[in-house]
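Spelled out from the first residue to the last, the chains are:
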Amino acid sequence: MRAFLGELFKTVRRPAVWVCVVGLFAVAVTIGYALPWLAETYSPPSAAQGLPQGTTLADFKIALYPINFVRQTLQQWSVLGGVFALILGVLLQGSEYGWGTVKTIYTQRDGRMVMLAGKVGALAVVVLLLVLGLFAVDAASSTGAALLDGKSLDYPDATQILKGIAAMFLIYGFWSLFGLVLATLFRQSAMAIGLGLAYALVVEGLIFGFGGGLLGDWVKKIQEWFPIANTGYLADSFGAITFRRLPAQPGPYADATHAVAVLAAYVVTFVLISALLLRRRDVTS
Amino acid sequence: MATGSEPIVSTRGLTKHYGNGIVAVDSLNLNVRRGEVYGFLGPNGAGKTTTLRMLVGLIKPTSGSAMVAGAAPGSPASLSRVGAIIEAPAFYPYLSGYDNLRLIAIFCGVPVKRVDVALEEVELMPRKQHRFSTYSLGMKQRLGIAAALIKEPDILILDEPTNGLDPQGMVDVRKLIIDLGKGERTVLVSSHLLGEVEQMCTRIGVIQKGRFVAEGTIDELRGAATLTVRAEPAAAAASVLNGEVGPENVKLLQDGSYSVKVDLKRTAEINRRLVQAGADVTELRATERSLEDVFMELTGTEAGL
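Chain order of the listed sequences is A and B.
Under this note's numbering, the residue at position 162 of the first sequence is numbered 162, and the numbers go up by one with no gaps.
Under this note's numbering, the residue at position 82 of the second sequence is numbered 82, and the numbers go up by one with no gaps.
Fair warning: there could be bad hints in the mix.
To be verified - Reference listing, derived: stretches of chain B covered by chain A, where coverage requires no fewer than 3 residues with Cβ under 8 Å from a Cβ of chain A:
(1) 169–183
(2) 186–193
(3) 229–238
(4) 249–255
What the hints assert, rightly or not - Cut-off 25 Å, straight-line C-alpha distance, at most; resulting in silico cross-link-like pairs (DMTMM-like, lysine to aspartate or glutamate):
(5) Lys182(B) with Glu220(B)
(6) Lys140(B) with Glu123(B)
(7) Lys209(B) with Glu224(A)
(8) Lys175(B) with Glu152(B)
(9) Lys60(B) with Asp282(A)
(10) Lys113(B) with Glu152(B)
It should be emphasised that the hints constitute simulated quantities derived from the structure, not laboratory data.
Where a beta carbon is used, it is the ideal one built from N, C-alpha and C, also for glycine.
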C-alpha cells in the first residue's frame, strides 16, 4: 500500500502525465468529432463522389451521435489513443532511469517487487482516469453534434457503456504495460517510446497487411494472437456502425472472449517480464 | 561518542565480478562498528561505490555475504534502518524539496511530520517549497541527507557526499556529517579525499583495486612517530643509535640522516648519549607520517590528495 500511495503521489503531480491525458482528450474532440462534423456538414456535393447513389457525406454523421459514442470511441481510439497510454507507461518507468531515482526508490523500505506492484497500481489508476475521461469527452462531443443537428439524444444503455469502458481499460492497460516493459528493458524513455510507436503504427500493420495480401487466409490465423489485431476484435465486438445505403461490414475475425483472453495474457506477460528484469538486474545508474 | 564493538555492517568475502572480466570488489571483509563514523577511503575506481551499492541491495554480489543493520542488504528489515545516498542524490525534478521528502516518508511509512524535522536538520526550510530542479548542487546534497535521515536510521551510508561541491558546500556538508555522527548513529562515508576523512572519521578502511589494504584508526594507520637524527661523525652516531634501540629500528636515509623508531619520550636521552659518544648533533626532531603518506604507500596513488 505504501508503494502504491507513493507512486500515486508522484504520478498525479507530474505535469507530463496530464499533458498526455489532456492531449488525448483534445485530439478526441478535434479529430474524432469537430473535424468530421465540419467536413460532413459543409463539404460540397462533389465530395460524395464514389459513394452509392443518393448517399451524401451527411449520412456518415450518424457515427457522431450519442447512440454510437461507445462504438466510435472504441473503434477510433483503441490504437491511436493506445499510443498515449503507451507513453504514460514509458514515462512512469523510463524517467526513473533518466533521473536516477530508481536507486532512490529501491533503497527506502520495500523490495523491488512491491515497488513494481505500486507502480502498476498507480499506472492503472491513471489509465482508468484516461479511459473515463475519454468516454466522457466523446459522450459530451456526441451530445453537442446531436444538438447542433437537432437529432435525438439517445444513448447506449448503461451496460454497453460499462462494457465499453472495461474493454478500453483492458486495451489501454495492454498499451501502458507495453510501454512500461519497454522502458524497463531499455532502462530509458526515448528508445521505449520510439520502438513502441513503431510497433503501434507500423510493424504489426505492415507485417499482416503485406503478408495477408500475398499469403492468404492462414496469415489471419497467426494474426489473431497479436495484440493490435485483438484490440480491433474487441472494439469491433461492440458492433459496426451501419450507414444508410452502404453494405454492412463483416464482424470481427475473432470474438470478444478470444480478444480479452489474448490481451489479458499480454498484460500478465508484460508484468512478469518487468518483474523478472527488475529482480535480476543490478542498479548501476 | 559511544562506539560499540558490535558491527552494524559486516561483510565476509564480498566479491563482485562483471561479465567483462572486471573484478570491482574482491573478497572484502568490512566491519563497521555501531556509533562510529567510518571512512571508506580509496582512489577513484577502487570499488567504493560498488561496495556501497551492494550494502543497500542495488547490486547483487557475485559471492560472499553481508549483513547490514542485522539483516541481508536490500531486505525491508535492513532498508528500514539504513539511510543512504549513493553517488549523486536523485529526486523528482518537478516536485518541491518538501514533496520529494513527503514521498520518501510515504515510501518509508514514517509520519509526514518527520519531513520538517529532517529539513530543519539540513537547514533547507527556507527553500522547501521550491522545485528540486532549481536547487544548487549543495542543496541537492543536503536534501539527499535529509531524505536519508527521514526514517531515523541506525546507519547512514553516504557515498562521496562532497563530490562536486564548492569549498563552502564541502565545509557545510562535512560539518553536517560530523554533527550527525555525534551520538548513537553510525555513519559510513566513502571518499577519495584524505583530509576530509581525517576530519570526519573515527576509523578508516582503505580499498585499492577492489581489495582492502588497511583498516584502523587514523593513529593506527599512521603508525608510531619516528625520530630523525643527523649527527657527525655518522659512524659514531650509528653505533650509539644501534646500541640504544637496536639496528632493526634504525634506518639510514638518503640525505645521510637516520630515521629511528623509538618512544619519543626518550628523545632527550638519545641526544645525551650521542653527545657523550662525541657526536655533534645537528638535527633531532620527531617525524609523524601524514595520512597522505600512508595512503600513498598503501595504494600507490596520489588520487585525491
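Checklist entry - What hint numbers does the structure not satisfy? => result 1, 2, 3, 4, 7
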